[in-house]
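Number of protein chains: 2
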Amino acid sequence: MSERFVFTVKARDGAARTGAITTPRGVIRTPAFMPVGTGATVKAMFPEDIAATGADIILGNTYHLMLRPGAERIARLGGLHKFMHWEKPILTDSGGYQVMSLAKLRRISEDGVTFQSHLDGATIALTPERAIEVQCLLGADIQMVLDECTPFPATRDEAKASLDLSMRWAERSKAAFAAMSAPGQALFGIVQGSVYPDLREESARALIDIGFPGYAVGGLAVGEGQAAMFDMVEIATAVLPEDRPRYLMGVGTPEDMLGAIARGIDMFDCVMPTRSGRHCQAFTWAGKLNLRNARHAEDPSPLDPESACPAAQYERAYLHHLVKSGETLGAMLLSWANVQFYQELMVRAREAIVRGDFAAFAEDVNRRYQASAEVD
Amino acid sequence: MSERFVFTVKARDGAARTGAITTPRGVIRTPAFMPVGTGATVKAMFPEDIAATGADIILGNTYHLMLRPGAERIARLGGLHKFMHWEKPILTDSGGYQVMSLAKLRRISEDGVTFQSHLDGATIALTPERAIEVQCLLGADIQMVLDECTPFPATRDEAKASLDLSMRWAERSKAAFAAMSAPGQALFGIVQGSVYPDLREESARALIDIGFPGYAVGGLAVGEGQAAMFDMVEIATAVLPEDRPRYLMGVGTPEDMLGAIARGIDMFDCVMPTRSGRHCQAFTWAGKLNLRNARHAEDPSPLDPESACPAAQYERAYLHHLVKSGETLGAMLLSWANVQFYQELMVRAREAIVRGDFAAFAEDVNRRYQASAEVD
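These protein sequence lines are chains S and R, in that order. Using the numbering used here, the first residue of the first sequence is number 160, and each one after it goes up by one. Using the numbering used here, the first residue of the second sequence is number 160, and each one after it goes up by one.
Where hints are given, some of them may not hold.
Because identical chains share one entry, a pair is satisfied inside a single copy or across any pair of copies.
Unchecked claim - Capping the alpha-carbon separation at 16 Å, the derived lysine to aspartate or glutamate pairs in EDC-like fashion look like this:
1. Lys202 x Glu486
2. Lys241 x Asp458
3. Lys169 x Asp402
4. Lys241 x Glu457
5. Lys483 x Glu457
6. Lys319 x Glu269
7. Lys483 x Asp279
8. Lys319 x Glu486
9. Lys483 x Asp458
10. Lys483 x Asp270
11. Lys241 x Asp390
12. Lys333 x Glu288
13. Lys169 x Glu510
14. Lys319 x Glu510
The hints are simulated quantities; they were obtained by calculation from the structure and are not laboratory data.
Could you build all of it, start to finish, from the sequences and the hints given here?
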């Protein structure tokens with residue numbers, strides 16, 4: 160295993176590319192989807208099953224973990240990988256996004272952000288330095304700079320001020336990371352700028368000047384719509400260096416991911432497969448299904464005959480019964496099948512890029528998903 | 160695989176015995192613990208993992224399944240085994256107990272019981288014949304006669320009247336079973352009689368006169384206390400034929416089961432391992448633990464180093480975090496570890512009976528459980 164963080168592009172198809180990130184904890188094939196393990200667990204899934212879906216990396220949430228069970232406690236117990244029985248790479252966010260969406264009484268200053276824990280009301284300070292310290296205590300293989308996730312909508316002035324603060328924090332994050340990180344770990348910068356093309360480009364260039372081994376595009380999928388999101392992605396990927404991985408944060412649906420891959424994105428994370436799995440929704444190669452729908456009540460066909468996932472072999476009638484009854488096994492099976500669908504989507508995307516027919520592949524999947532949207 | 164239902168005792172130690180029930184769907188080693196799969200799922204467990212714990216048979220609840228998804232629907236989908244991905248034997252109760260504990264507006268007559276579904280208020284009739292029909296539609300390998308589960312406490316007169324009705328229903332159940340069942344399926348009678356020794360004996364003798372391939376002891380573990388329960392078990396097993404399996408319904412704790420095995424019981428079912436698993440409780444070879452307890456917060460030791468269960472290898476600190484956070488994975492791991500503990504308890508009980516030191520084994524387990532009760 161390499162002791163360094165190395166990204167290699169192996170094939171290109173238009174702006175889409177496929178390759179691999181090598182880390183001390185294993186290889187991440189790209190495009191990659193990272194299941195979200197918010198509180199040191201990808202909800203309702205056994206770690207072995209997550210690995211068996213083909214996931215090379217999962218995401219942990221700094222905000223949740225620093226509040227419960229606490230980063231220092233996880234460090235004393237040997238780090239996040241050991242704690243949650245996951246030996247492959249872990250990416251952690253910086254906590255900034257959740258501070259904005261979950262915490263109470265936030266106050267942002269040049270130094271950082273103070274907030275009240277949504278769990279017990281405790282007042283907590285998160286600075287760029289503390290965000291890196293927490294991620295290093297967790298032992299994250301890929302870490303994220305602390306940024307201010309600009310609210311949407313934002314005026315140009317608000318977006319510009321927010322962006323400038325985030326760029327100063329990015330610089331401080333990098334300095335803290337240099338002092339605290341372990342060999343082979345990597346810190347990614349995050350492009351902000353709301354829906355303003357010039358700000359997005361300015362942000363990307365500012366981050367390149369600071370210099371990171373990978374770049375994320377943040378502050379999207381927050382209500383701006385798919386067209387605007389794709390525009391912002393295109394602006395960022397046009398500027399970001401070809402030899403560094405690009406990560407679109409918090410995205411998304413199969414259609415969103417395929418559109419972003421076509422624009423040069425390499426990595427994704429999203430709660431959608433697991434959250435949908437807990438809400439009776441299944442992602443399959445025939446489109447999206449709602450298992451609560453009465454038309455599944457006596458359907459003996461497997462959830463997804465095209466999937467290799469053991470959970471996708473369960474009959475729709477049984478899954479319908481489980482979700483109607485509120486049985487945990489329903490959430491367990493659908494979460495598993497959904498995460499595996501997302502991984503299989505990445506496998507097929509990589510293969511399509513190698514073959515040079517990514518556009519046709521994406522169009523086929525989009526058609527399946529549009530067709531199913533009319534039915535359910 | 161035999162097409163007949165055959166019970167063989169292989170070794171005895173005092174009144175305790177170990178043996179095997181052979182059915183068309185597989186062998187049930189006794190003493191046996193049956194995990195409870197109320198609504199066509201042993202809660203929060205994958206079927207493969209239930210089998211891997213060593214469970215030879217699980218229990219399904221007729222009351223729940225007839226209400227949702229319905230016995231006729233399950234029959235159309237190929238039966239309960241196929242529906243819930245469980246190929247080994249299934250025992251179903253008759254629904255009588257749940258009618259008493261869950262349904263609203265119950266009315267008992269000579270013919271049977273009518274009640275309102277706790278799900279949608281629908282009025283439903285359950286007769287001895289319908290209880291058997293439902294169990295045959297489900298395809299249960301071991302079925303139970305419909306009885307009236309006598310409320311506790313009951314006067315002697317109430318218990319006698321209830322018992323007499325149950326014995327008439329047992330006879331009708333047997334006739335219905337003869338008309339509807341498949342080869343190799345078996346119907347068990349149920350001894351009632353509350354806490355009255357003479358009624359218990361009368362009930363056992365009445366059932367023997369009707370004649371069943373197995374006998375259950377019902378209406379216990381309802382508040383009478385362990386001493387009274389053991390007394391009633393002793394009276395029943397003294398009368399019941401040696402060559403038929405004996406099943407103590409709805410029991411219980413490790414101590415209850417060991418005491419009942421010492422008195423000649425061969426089979427058990429109980430929601431305790433799975434229900435406790437959903438409520439932060441673990442059964443281990445070191446006794447019972449409450450994983451919410453703060454003393455586990457930084458304990459890196461595995462849940463149960465003496466268990467072979469994969470779930471029992473997870474660190475107590477991680478399980479503490481999961482249950483404190485209300486994460487589904489906590490319930491999944493503890494349910495799995497508990498069901499496996501119950502199976503391992505049966506394995507060791509069988510081995511102890513073969514060795515002829517069952518009393519010492521039971522005393523050792525009881526001591527571990529009493530010691531742990533003081534700590535948690």
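How the hints compare with the structure:
no. : hint            : verdict
1   : Lys202 x Glu486 : both (15 Å within a copy, 7 Å between copies)
2   : Lys241 x Asp458 : between (41 Å within a copy, 13 Å between copies)
3   : Lys169 x Asp402 : within (11 Å within a copy, 70 Å between copies)
4   : Lys241 x Glu457 : between (43 Å within a copy, 13 Å between copies)
5   : Lys483 x Glu457 : within (13 Å within a copy, 38 Å between copies)
6   : Lys319 x Glu269 : within (15 Å within a copy, 81 Å between copies)
7   : Lys483 x Asp279 : between (34 Å within a copy, 13 Å between copies)
8   : Lys319 x Glu486 : neither (48 Å within a copy, 39 Å between copies)
9   : Lys483 x Asp458 : within (14 Å within a copy, 38 Å between copies)
10  : Lys483 x Asp270 : neither (49 Å within a copy, 32 Å between copies)
11  : Lys241 x Asp390 : neither (40 Å within a copy, 50 Å between copies)
12  : Lys333 x Glu288 : within (9 Å within a copy, 75 Å between copies)
13  : Lys169 x Glu510 : within (11 Å within a copy, 59 Å between copies)
14  : Lys319 x Glu510 : neither (40 Å within a copy, 74 Å between copies)
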